[in-house]
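Protein chains: 2
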Amino acid sequence: MTTQQLVDQIHKKQSFLCIGLDTDLEKIPAHLLQEEDPIFAFNKAIIDATHHLCVAYKPNTAFYEAYGLKGWKSLEKTIEYLNSSYPELFTIADAKRGDIGNTSTRYAKAFFEELNFDSLTIAPYMGRDSVEPFLEFKDKHTILLALTSNAGAFDFQTQSVDGQELYKKVLETSKTYKNSENLMYVVGATKAEFLKEIRQIIPERFLLVPGVGAQGGSLEEVCRYGMNEKVGLLINSSRGIIYASDTRDFAESAAQEAQKLKNQMELLLKNR
Amino acid sequence: MTTQQLVDQIHKKQSFLCIGLDTDLEKIPAHLLQEEDPIFAFNKAIIDATHHLCVAYKPNTAFYEAYGLKGWKSLEKTIEYLNSSYPELFTIADAKRGDIGNTSTRYAKAFFEELNFDSLTIAPYMGRDSVEPFLEFKDKHTILLALTSNAGAFDFQTQSVDGQELYKKVLETSKTYKNSENLMYVVGATKAEFLKEIRQIIPERFLLVPGVGAQGGSLEEVCRYGMNEKVGLLINSSRGIIYASDTRDFAESAAQEAQKLKNQMELLLKNR
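If you read the protein sequences in the order shown, they are chains A and B.
Just so you know, we're using our numbering here: the first sequence kicks off at 1 and counts up by one.
Just so you know, we're using our numbering here: the second sequence kicks off at 1001 and counts up by one.
Rough simulated footprint, nothing fancy, chain A against chain B, three-plus residues with beta-carbon under 8 angstroms: (1) 1062-1070; (2) 1092-1100; (3) 1146-1154; (4) 1157-1163.
Just the calculated beta-carbon pair ranges, DEER-fashion: (5) B/A1151 x A/L25: 40 to 50 angstroms; (6) B/Q1164 x A/N102: 25 to 35 angstroms; (7) B/K1196 x A/S218: 42 to 52 angstroms; (8) A/E76 x B/Q1004: 33 to 43 angstroms.
Just so you know, the hints here were simulated from the structure itself, not pulled from any lab data.
It should be emphasised that the depicted structure is a prediction, and the values quoted were computed from it without experimental measurement.
The beta carbon of each residue, even a glycine, is placed where N, CA and C say it ideally should be.
All chains, please: the whole structure from these sequences, using the hints.
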């Protein structure tokens, strides 16, 4: 998917919501456990109920890998279902990969070609030759961790490197990577005030923003500091939506929560 | 496996060699492609031919994930074969994972419990709460990326943070993590002279050292600067051993290359 197609979808739906599919057998409604593939059954129900309210889905691969082969099968079925039933939706494999050159190419092929995801999250620690192999894929997007929304972000990401926080160094350096137009960035909502300076470094790129809601970030603040001319934001919510209820009406409850966020987004898009 | 069991094995075998199982369908001998599971067939032959010369095996998970479900099956069969046939060998899932707390716990369970690996490589960028969930597992080892052997290592890892390179900051900070005795570190051999200062920060921990041979590092220098009282080194070689030959005698050729490194290690252990 091109960036423009994503932007068009945002305007059409008046939403820049991404729903995180962190699907956990211990948290999904008990009646689904009788299904042949409870994880896929849950995901399918959530997707069918919410696809008109969001523009992206983001399965966190850890939740699938935790169940070994079965989990990978559920992930494959989920992305196949998204690509066949809702091809307009942007798909993110939240895998936080990164390795040396030829190994990164392996990961890129696995997620961009085998599974046909539109994008993949990547950790920056290993630098240029660990990131550039992902950027070679046309109309695929590499979402680099810049500033994450967890407490440990302050261990290294906000440490000063030559008078500049490490995450800003990551933003600056990554701009020099080949095909950097295929980059997006993870920027946690819990530090919304940081977005102003981040936008000075990368005015044009899309930001994937976790941490709105459950982790305490404010949607309004994120938009005030982070929105650009092409919107440029994907706001992720996982648990707050998919685990809104654990009864038989879980999918409707999820849709209600998604609708609330979508309504706020519609207002923010109109008033900008 | 406890660290002491690993040390005992090193002394018994007079080797601290780790063999990287970066198994690639495009590089393995053509006659294996007729097997039901060519990747496992290749790994099994390599393991059977080399297990007495090394103390550890390290499959890089990217090579398996690249083949989707089939690849994961090959990885499962490989670790099951190692655990059942050669339980004395230390096993490393080279997965370079790392995520926020509850997600890291998922990865820990997947690799330490489901697959029963002894250890897992982890990227440090997300800090404390992304690493500590791995450290809770008794007799399991978390191998943190500190200084990698690729060119991109100079993008961020060697940048100065408060007058100290980032990788040293990672070493220092990680020492304060809960259960930090379960940490080991990745330190590339291409920067062997850096090992002296690294040993001042973490005198006791094991180092997993890639980049000897193919990437230009010298085994002798690594040992001079990096060896501690308990040896404290695992030297990894992947392509130089497993792809020594692509004919029917590939396993014997791999064993010959492993034997050469093992002989050098034996000498270095005797002369220290």
